[in-house]
Amino acid sequence: MINDTADRGGSFDRVAHPMRFRKALAIWCITMLAVGGTASFGHGLYIHAKAQLAQLLLLAAWDRARSSGAVIRPWPWADTHPVARLTAPAHGVDVLVLAGASGRTLAFGPGHLDGSAQPGDPGNAVITAHRDTHFRFLKDTAKGDELQVERADGSLRQFRIRESFVADYRELRLPRDTAVPTLTLVTCYPFDALGPGGSLRYVVVAEAE
Amino acid sequence: MANVDRLHAPRVARHEWRALARLVMDSIVAGVVVSIVLALAVFIVTTPAQAAPTDDVRPALYLKAANDARVGSPLLFTDVQMNVSGMVARVRVEQRFVNPTAEWREGVYVFPLPENAAVDHLRMRIGERVIEGRIRERAEARRSYESAKSDGRKASLVEEQRPNMFTTQVANIGPGEEVTVAIEYQQTLRYDEGSFRLRFPLAITPRYTPGASVEPTDRETLRSRATQQAIDADRITPPVADRRDGDVNPVRITVNLDAGFPLTRLASTYHPMRIDERPGHRYVLTLADGPLPAARDFELVWTPDPGAAPGAALFTETLGGKTYALLMALPPTAARETQSRAPREITYVVDTSGSMEGVSIVQAREALLLALDRLQPGDSFNVIEFNSASIALFPAPMPVDHDTFRSAKRFVSGLRARGGTEMLPALKIALAGARDSPMLRQVVFLTDGAVGNEDAILRLIGEQLGDRRLFTVGIGPAPNTFFMTRAAQFGRGSFTFIGDVREVKEKMTALFAKLEHPVLTDIRVDWPTGADVWPRVAPDLYAGEPVFVSAQFNVDAGDGNVAVSGRQDGASWGVLLPVGVNARQPGVGVLWARAKIAALMDAGRRGAAAEEIRAAVVDVALTHHLVSSYTSLVAVDVTPTRPLGSTDTRTAMPGNIPEGLTGFDHLPRTATPASMLLLFGAAALLLAASLAWRVREGSGLRARSASVAA
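As given, the protein sequences belong to chains A and B, one line each in that order. So in the numbering used here, spot 54 of the first sequence is number 471, and the numbers just go up one at a time. So in the numbering used here, spot 608 of the second sequence is number 1543, and the numbers just go up one at a time.
Keep in mind that the hints are not guaranteed to be accurate.
Derived coverage of chain A by chain B (criterion: at least 3 residues anywhere in the stretch with Cβ under 8 Å from a Cβ of chain B; other residues may be distant) [what the hints assert, rightly or not]: (1) 452 to 459; (2) 501 to 515; (3) 518 to 530; (4) 542 to 548.
None of these hints come from the bench; they were simulated from the model. Cβ coordinates follow ideal geometry from the N, Cα and C atoms, glycine included.
Turn these sequences into a full structure, and let the hints guide you.
Written out as structure tokens, the structure is:
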């Protein structure tokens, strides 16, 4: 391509500056690649950093919410707030769950699906998160593993994983009313796919003890 | 030298500029090519990963068994025929149960009807044969149905679960057979703000049944079990069909409207209809697009020409030596005092439970924002949202000022739907404090009413209301009309329904008129002596509402007058109607009985002795052939059709999730492009580094060879 460009160049370029022009183009390509590469790499890092850092801000909001009993926004322009704290002791996981499960919310933490029960209440509380950030640990969970939910009122509730399965989200039926408080954790599958956007979901169902 | 410079400079600059332009062009081409290559790479790398095989899929009960579940169930088709004349509608609902399977089936279908429907007729049709239903006490009707079912005889049973929710059961539908159950009811129309409204509910918003379970969960069906506050939870939470399998239960609607006066408007609010006009202010309406899935309430609205609009009317029917009368009287609307309305305390209570998710929460937010704009200096207000828990904007009502108003707007804009419907605690907060207050106190309650503990909530409203007035706003495609109208009645307020976000403004404006207009109180209706009148005490009226009272008296009570009077803002109003000259209307007797049952049941909710109420309801219901909480219609065939040894499998017929409500259908994407970005970022940086190294190597070589040549 570089040669091609040089050939199509005017006589002035070809005669006077063939090397200079080729070099300029090479430098330009390098700059492009460097800038693009840095941006892409940086964005990748940023996604992970945001997922981690947001949790710190959320923790502060959570502590304030628990002591005041009010709904505290973790940052002034936030359109969500923490609704529960989910821990998986065996997997060293401790994350704050946010209200709503929009793409924007999921960047900061697992999202509690609007319309599903509050975690710990009778009914089915559905929580979704990214398979490569907050819910990466689901890959290693097994039947019988313990999950714990702390709610805004300070109460704790123990859950135990009843089953895990893979399903196409188009065929997934999540029950709404369950008399036993149920926690359904949903993330994308397979865990190691490079790009986002598959239709498979990994579903972990836990019931209150 | 300077001249030469000046002479050459432009030429050189032009060349430099052209070179630069070409460089930019080429860079853009290079950039596009690089992006395309990257995008292709992404596509190639990610596609196989998505299609990873999943042999270990164990769907359990979270997955619908199979598509043949639909083939394996009876199907249902509904045909509704409404005949409207004067203030009354007579409606026939035909439910056709078709069994396409090779087994004997029993179909159980839970369906909604208008909250004031007086169901007095059941007819079961099997091929050419027709079997009439009879009214029986509930337990007796069920016994005769169950015994027919086990004998292999065809039978059907219609039970009331709520005044607006009924169950049809049809036993022993043979393979390939079809059984039609036709029920009929009578209802009075709603006349408000100068328009008649006929509402026919077509879907049930899934009900929330609070309270601790008193039974274990049924893992198979995942249906709600009885709870302390809703002991019949399993009977009021029918299964819902999954929308992704297509809609179930197509319904056909025909309305024969005999308006009796010229109309300025006739429209179906939510379903397009074809209107055929007949002579004499008569109309025939049919669904324009053929049968529709029963997924949202049907509403027909017609407005009489102002000159012809009824001001007062008395309809009568004579049955068994008794005269039954239905009275409608519309007080004149006083001139509106827009400038000076008294300051008041308004508490807005808004339902943000899971059943509101979708169109409903949007409607509720819009309605509330409009309501907030209506506040004036001097008013106090508060906003309470509730789902599994209640959150009040302020600990107690606050005066309207810049700050409170702004925080209210922010609070309302941020409302989202999730969780359960714990209504009682929210109403306790709204109705807390002194029973009486010098200030006018109003509570505006926005909800879809999708709860199973209506009685407990109504009792609380009745007990804690004090001198407040509670207004309900029914939200969404299929609100619980029984709860919305009765809560307004217990709250001595009024109600409105919003079914579409486009209606918010119109409906809320009408509600504001009621909130801000003086109330018509002390309504008295004087009937001939010895009349049995229901409701016993006529409720207060708000702008645009008529008095509706029914009475029963002896035929020989004579041709006296009925006198209606009331007080509004210090002025009194009255009208006199002669009993002798009036419109005869069949069905007025049934409506009287229905009004009496409703009033008796309300007395029971307020704490009257349950056994006495039951006896009184059974008495009037049996006399007038009416379905009630304590009486059911049952139709039983004489000869068995199901062969011995086969079984009659009970199947719950699913309803549709109301249109526009989301349920759990929308799972978000749960993977980030982070790994991909990191990988391609790293690859691009590596490529850049290697290119840079090569360029440096190249120029180094050239520099060396140049020095060698020198």
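Hint-by-hint comparison with the structure:
1. 452 to 459: Result for this restraint: holds, n = 7.
2. 501 to 515: Result for this restraint: violated, n = 0.
3. 518 to 530: Holds, because 8 residues of the region 518 to 530 of chain A bring their Cβ atoms closer than 8 Å to Cβ atoms of chain B.
4. 542 to 548: Per the Cβ count (5), the hint holds.
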